[in-house]
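Make the full structure from the sequences, and use the hints.
In order, the protein sequences belong to chains A and B. Quick note: to get my numbering, add 2 to the position in the first sequence (first position is 1). Quick note: to get my numbering, add 161 to the position in the second sequence (first position is 1).
Be aware that one or more of the hints could be misleading.
If the Cβ cut is set under 8 angstroms, some of the chain B residues that face chain A in the computed set are [as the list claims (entries may be wrong)]:
| no. | residue |
| --- | --- |
| 1 | Asp252 |
| 2 | Thr390 |
| 3 | Arg411 |
| 4 | Phe413 |
Computed Cβ-Cβ distance ranges for the label pairs, DEER-style [as the list claims (entries may be wrong)]:
| no. | chain 1 | residue 1 | chain 2 | residue 2 | range |
| --- | --- | --- | --- | --- | --- |
| 5 | A | Gln491 | B | Met383 | 24 to 34 angstroms |
| 6 | A | Gly160 | B | Ile189 | 39 to 49 angstroms |
| 7 | B | Asp204 | A | Glu350 | 36 to 46 angstroms |
| 8 | A | Glu80 | B | Thr308 | 46 to 56 angstroms |
| 9 | B | Gly207 | A | Thr110 | 16 to 26 angstroms |
| 10 | B | Leu264 | A | Glu84 | 39 to 49 angstroms |
| 11 | B | Glu209 | A | Val93 | 29 to 39 angstroms |
| 12 | B | Ile189 | A | Leu425 | 51 to 61 angstroms |
What the hints contain is simulated information worked out from the structure, not anything from laboratory work. Every residue, glycine too, gets a C-beta built ideally from N, C-alpha and C.
One letter stands for each residue in the lines below.
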Amino acid sequence: MRKQTLFRSLQVATATSALALAAGMASAEDYTRFGIEEDVPGMCSYESIDAKDYSGRELTIITHAIPVIGEPTKLHAEQFAELTGAEVEVVHVPFGDLFQRIMIPFQTGQDAYDVLFYASLWVGDFNPYLATVPEEYQNASGMQGLTDTTRDVGMWGGEMKQYIMDGDRHYLKFREDIFSDPEMQARFEEETGRELTVPETWEEYNEVARVFTGWDWDGDGEANYGSAEVVKRDDLMFSAFISRAAPYAKHPEVEGGFFFDLETMEPLINNPGWVRGLELFVDAQEAFPPGGTNFGLGDEIFSFGGGETLMSYSWDDALIQAQQEDSPIRNDVNTAMLPGAREVWNRETGEWDTFEEPNRAAYITWGWTSAVSEASQNKDMAFDYLCFFANEANTKHDLQIGRFGVNPYRADHFDAEFWAGELGWDPDMAAQYVETLQSIDGYDNRVFDLRVPGVGQFMTSLAAGVAEAVAGQSTPQEALDGVAEEWTQIVERIGPDRVREAYANVVELEDAR
Amino acid sequence: MYRQKHLFLLPGLLVLVAIIIFPLLFTIRVSFSSWDVFQPGLDWIGGENYGRLLEDARYWGALGRLLVMAVGTVLIQYVLGFALALLVWGDLRARRFFRVLFLVPMMTTPVVMSVIWRTVFHESIGPLNGILQAVGLHGLPWLSEPTLAFISVMMVEIWQWTPFMFLLLLAGLVSLPREPYLAAKIDGAGPIRTFFAVTFPAMAGISIAAILIRLIEASKIMESVYVMTSGGPGTATETSSYYIYIRGLRDFQLGYASSLSVTYLVIMIISLTIIAKVLVRFFVKDRT
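Listed below in structure tokens is the structure:
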């Protein structure tokens, strides 16, 4: 009896050891061959995806051209195919064609693509054709780590329609070495009668930019300039303008709409707050580098990132460019929230309100996002791909490559040690960068993109009006009056109720805090 | 037999219907619908889109700019192309080399060349301003000042398409009979008189064809505008093709963009017919 018991115990022990060994061997699988440092356990990890078998099935993905988002899409698609046996086709499309390449199959009922990568502000048009992210994926560890703001970007009508894989916002970038240089400080004080500080308002921004324009303040023998901005029409210029106008037009105590009055759907785009923003945008031209009024995003990135200009504001790219290992201004740059306004238009009272502390408006603009088509016959595989794309190991890898266009969006990305340790950033600068992102994420007075049906039409109209004012073809008031008139016509064509219903989702996010 | 003969036309007719007639008819049909980003499909809204375009100042402004740009560039291309063709037609050393050299711009991809020209015109790092500054002049805001931006786009168009004009006119020159030149020489005519009395009138047919072909092409100016200025500064370089592209493929107003395209097509057919008649009258009159 004892022998039998002992024998059985030995059998159990052996079996358990064998299982443990097998499990140990499985977890010890080396996935670093995929270029990651270490697999992070979870339902989307390399190990979990490796356990799936999609042999004989095809996954079709549409994404942006290489490198921005297109390159990581391709990289992770190849990895996914190798791990699961699936056949993955990636279709790369230039940005100008991306919207219509996705929209035409949607409208004609074709099942053309399973997975879509696109600009998150298009959700107002795409949402009827997108599958809701299943509960199990929303509970994945990576998804649980999203910040509130980035999670909000994925939501539509209370449902998660977009699978978050990027986090975008506008913030200020400036040359720390120049701002902290006593000689520069003295020169600025001499010219303006005030101390050189990081601009807290857009008036201060324009003033600092003007003083540091047209002379060689970095000693490289070339003239430098004050500000690089995205001003080229139809090249995301509308985002730059909204950044400038928001603190004047987004009153922290006035609810019910920033672009429109939600009740009446009357455009607010030509109210005095917006006009003030445009006047300052027009004035800023004198501090642009030569050709600065034709700068697209790429020009802005290289102008600031290359050390030509003192300040800039947009997404992370220009900062990442400045922080490249071979950059002459590496660790000479710093970040802050966008400048604000001391006078803010109160559309309820019809008066300007004065603020002791500048009013700021955190602008959560754009951001790449992803989704699965409702018409897809491969939703399980499609969500697994997105889950894999955005797993912790892949994201950590992608964040370190500037050209990939993946920017911080999870709470653990806001860790200064990651930026200082992995990328060699100056610790103080990394700490300030993380603080800037956290401040934006946690800020109460927020502005989101106009995520409604026909957003392209609204933004094209806005860009055309702003471009006319910048080119001197009309005054800021005339330009924005024209935009308001066109917006009214667009709302009429789409249907005020339809736009209101969509815009209510945006206003809900803005007024939530 | 008579019926069988017509059957041979069928393949050609089917191709014609598939690639020309059907897309044209479909575009006309779409132009009477409200197909938009929020209204997919072919409904019927009558002439609403056409009524809207009558009030669309941006469309008519773009059309006006296109007119200036197309006529201006084609005339300059004609003059330059003729001059280069005469140069190579004459007794020039290494003329085969120059013939190939002059054709290079036409053989390059318009989008790629526009990107290169955008760099050339770049006001900070572009070589053009560098050259101006090297000879003691100020750099110019090539792409950020409305008039200069318009001229810059025209310069690129002229650079790219003068070779086409050169090619056609050179072919015309080479095919001219020698006898009139011998007679002119016997009569003691100099080179200028020979050109105006013999060459220019003899080239009337090919000149009209070259100008019309280029006008048709120039009326679709798009790549250089898209790459160099995006229609800016303001709307200074926005042409009809670019505006229709914005409305159709950026804004996804397919119904409205179709009405813009159909209107544009009608205007172009009428304009080019008139221009052709004027050119014929001019050259024929010149001949007589």
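Taking the CB of A:Glu80 and the CB of B:Thr308, does the distance hold inside 46 to 56 angstroms?
The hinted range 46 to 56 angstroms holds for A:Glu80 and B:Thr308, with Cβ atoms some 50 angstroms apart.
Residue hint B:Phe413, partner chain A, criterion CB-CB below 8 angstroms
Where the cut-off is 8 angstroms and the nearest Cβ of chain A is about 6 angstroms from B:Phe413, the hint holds.
Supplied distance hint 51 to 61 angstroms, evaluated on CB atoms of B:Ile189 and A:Leu425
holds, 57 angstroms
Verify the CB-CB distance for A:Gln491 and B:Met383 against the hinted window 24 to 34 angstroms.
holds, 26 angstroms
For the pair B:Gly207 and A:Thr110, does the Cβ-Cβ distance stay inside 16 to 26 angstroms?
Since the Cβ atoms of B:Gly207 and A:Thr110 sit about 24 angstroms apart, the hinted range of 16 to 26 angstroms holds.
Please check whether A:Gly160 and B:Ile189 have a Cβ separation lying inside 39 to 49 angstroms.
Given about 43 angstroms between the Cβ atoms, the range holds.
In this structure, is the beta-carbon distance linking B:Leu264 and A:Glu84 contained in 39 to 49 angstroms?
holds, 48 angstroms
Tell me if the beta carbons of B:Glu209 and A:Val93 are separated by a distance inside 29 to 39 angstroms.
For B:Glu209 and A:Val93 the Cβ distance comes to about 35 angstroms; the hint holds.
Take the shortest C-beta to C-beta distance between B:Thr390 and chain A; is it under 8 angstroms?
Interface hint status for B:Thr390: holds (7 angstroms vs cutoff 8 angstroms).
Assessment of proposed distance window 36 to 46 angstroms (beta carbons of B:Asp204, A:Glu350):
holds, 40 angstroms
Regarding the hint that B:Asp252 lies at the interface with chain A, is the smallest CB-CB distance below 8 angstroms?
violated, 45 angstroms
When the least beta-carbon distance from B:Arg411 to chain A is tested against 8 angstroms, hint result:
holds, 6 angstroms
Violated hint: 1 only; the structure is consistent with all others.
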